[in-house]
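> Given the structure of chain A, go ahead and fit chain B onto it with the hints provided.
Protein chains: 2
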Amino acid sequence: MRIPFEQMQAILFSLFVKYGLTEDKARFISKIYCESTLDGINSHGINRVPRFIEYIKNGSVKIDKEAECVGTFGIIERWDGNLGPGMINASKCMDRAIQLAKQNGMGCVALRNTNHWMRGGTYGWQAADAGCIAICFTNTQPNMPPWGGKDSRIGNNPFIVAIPRKGGHVVLDMAISQFAFGKINDYRLQNKKLPFPGGWDMNDELSNDPEQILKKERGLPIGYWKGSALSMVLDMLVTILAAGDSTCKIGQRSYESGISQVFICIYPEIFDDRKLQEKLLEEIIDYTHNVEAMKPGDQTYYPGERTLATRQQNLKEGIPVSDEVWQKVLDFLNNS
Amino acid sequence: MRIPFEQMQAILFSLFVKYGLTEDKARFISKIYCESTLDGINSHGINRVPRFIEYIKNGSVKIDKEAECVGTFGIIERWDGNLGPGMINASKCMDRAIQLAKQNGMGCVALRNTNHWMRGGTYGWQAADAGCIAICFTNTQPNMPPWGGKDSRIGNNPFIVAIPRKGGHVVLDMAISQFAFGKINDYRLQNKKLPFPGGWDMNDELSNDPEQILKKERGLPIGYWKGSALSMVLDMLVTILAAGDSTCKIGQRSYESGISQVFICIYPEIFDDRKLQEKLLEEIIDYTHNVEAMKPGDQTYYPGERTLATRQQNLKEGIPVSDEVWQKVLDFLNNS
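Those protein sequences? They're chains A and B, same order as listed.
For what it's worth, our numbering labels the leading residue of the first sequence as 6, then goes sequentially.
For what it's worth, our numbering labels the leading residue of the second sequence as 6, then goes sequentially.
Because the hints were derived from the structure by calculation, they are not lab data.
It should be emphasised that the depicted structure is a prediction, and the values quoted were computed from it without experimental measurement.
Hints are all accurate, no fakes.
Since the list can't tell identical chains apart, any single copy or any two copies may satisfy a pair.
Computed list of lysine to any residue pairs in SDA-like fashion (alpha-carbon distance at most 25 Å, straight line): (1) K197 with D209; (2) K107 with D134; (3) K155 with Y306; (4) K220 with Q304; (5) K254 with G64; (6) K155 with Y229.
Chain A with its partners taken away, still in its complex shape:
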């Protein structure tokens, strides 16, 4: 089914108010969920709402708490999320990084004790809308084995880079796993193999069989040993800078909570050559767009390009949502 943006937001707003969020916060969070779904990221949009409600109910997300600054060191700030809703905390910290960047050229906020920020790209689009370049990343619960190891002890630690652009921002929103487990499950439901290996089977062999991989959640990092190392250093950076919990600690909890994040912003307009920068950016996009396709029908995109196309289509036609998920959301709203 397809649901118009406004309708989805109104329903989610009511739902979040029902579960105790203030109207301001309910409005803010419902907007974030709807925008992610509008952009086609249902996994961290509407599909994720039931789990968010569960986390409110089990106390992992504390709806009356919010991130606050606990230390300032030059252009770096440390914030404590107090286990409040991850989207509000992350957005607040990105706002602060934007402010710092506009004052100093660059700014950095490290956040601890926060919760899942849902779609990482949200904060990339936020910074780019404010005219800032952003680099931000988060740690997660363990869901991939470190290279050479048997058990999942590193996180898929999403890594986001955003670059403001008049014709549509460039936004890379990339987990360090080759495939999200949600994606692997989609393949399973369709009885299809993954196009490339995506995790380890029960015999400790790399596999592209979703059924086998999902028996034990051991995802494959992008680039094998390279992504494994990248995941580790991202965890180290968020943990050290925020003085927060690492993937090790997060993994000891029943629910993924109390994670650490870093938000870095750069304000490119401090340079006196914004026009030149824009020209240089278009040159890179044109060069990669204009490449001959490898296989008929293939096409090359810049990061964020398809998101924007999906957004425009869904604004016009309504947002595609699974009947089952939508019913679940309505049940949460209508039942006690």
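Frame of chain A, contents of chain B only:
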């Protein structure tokens, strides 16, 4: 053969002086080449010296030029490398980023018109030795197809993250290609297949056959479409921030020259809890070290761990160098 560090450095020093570098610069560059070789990175150490000499001879590297600051914007500086030796330029810019970080918590230097920095890890170790966290990256000539495209139009753009640590720094030094072409050639020489696909063959199929991949240099990005996107945004960042040349422009030259780089530093000692940070870092390392091995004999390492082990071994036993490469270096030194 194995050559002691001091002997290698003395020979390279004489070689660089012969090719017109000042004694100071010759000493500096020979040290960088020797340290990379000592660490086992021969590809960007001694093996690369002949090409560096060629680049001096063909004018791509201008030995009398050096990087200079061309603009300051808050804590961000822009430098122009004036096509001087890449190692001297990069090291100077990393030094400046370290200074800025020690003053402000964080610093950033963007460098344009520079040359190959050889081993990117060099500047990570440099920052970590100075007590700084570093994130730095460079663009390169095109050597991988953007995802969906036929021809190489994105670079393998090495990406480095360094974190200072008493027991041995954490240094991730990672090109965005799954395998370096030098590594692919090593497999070819040994008549072996790559353990995983590393590039495209002449039929536009992914291949692990070094012979086939090397017929046309089209490397595979880590994580397929993910590394393709990551390579693009790294190129965009260095190009915009430095107002320098992108992979597109670099690819139009006969030699890889005039590249762009970014050096970001964070000074973790500005926080008043260095001891806590150290504890948190060890926790991550212990957690990933202590994982059960997936296959007998496998082991998990933190990024930089094996480099340090190689360094210690080679300091004791001398640095392994191919006879052929060493003879080439001696020929450059002894012949006119």
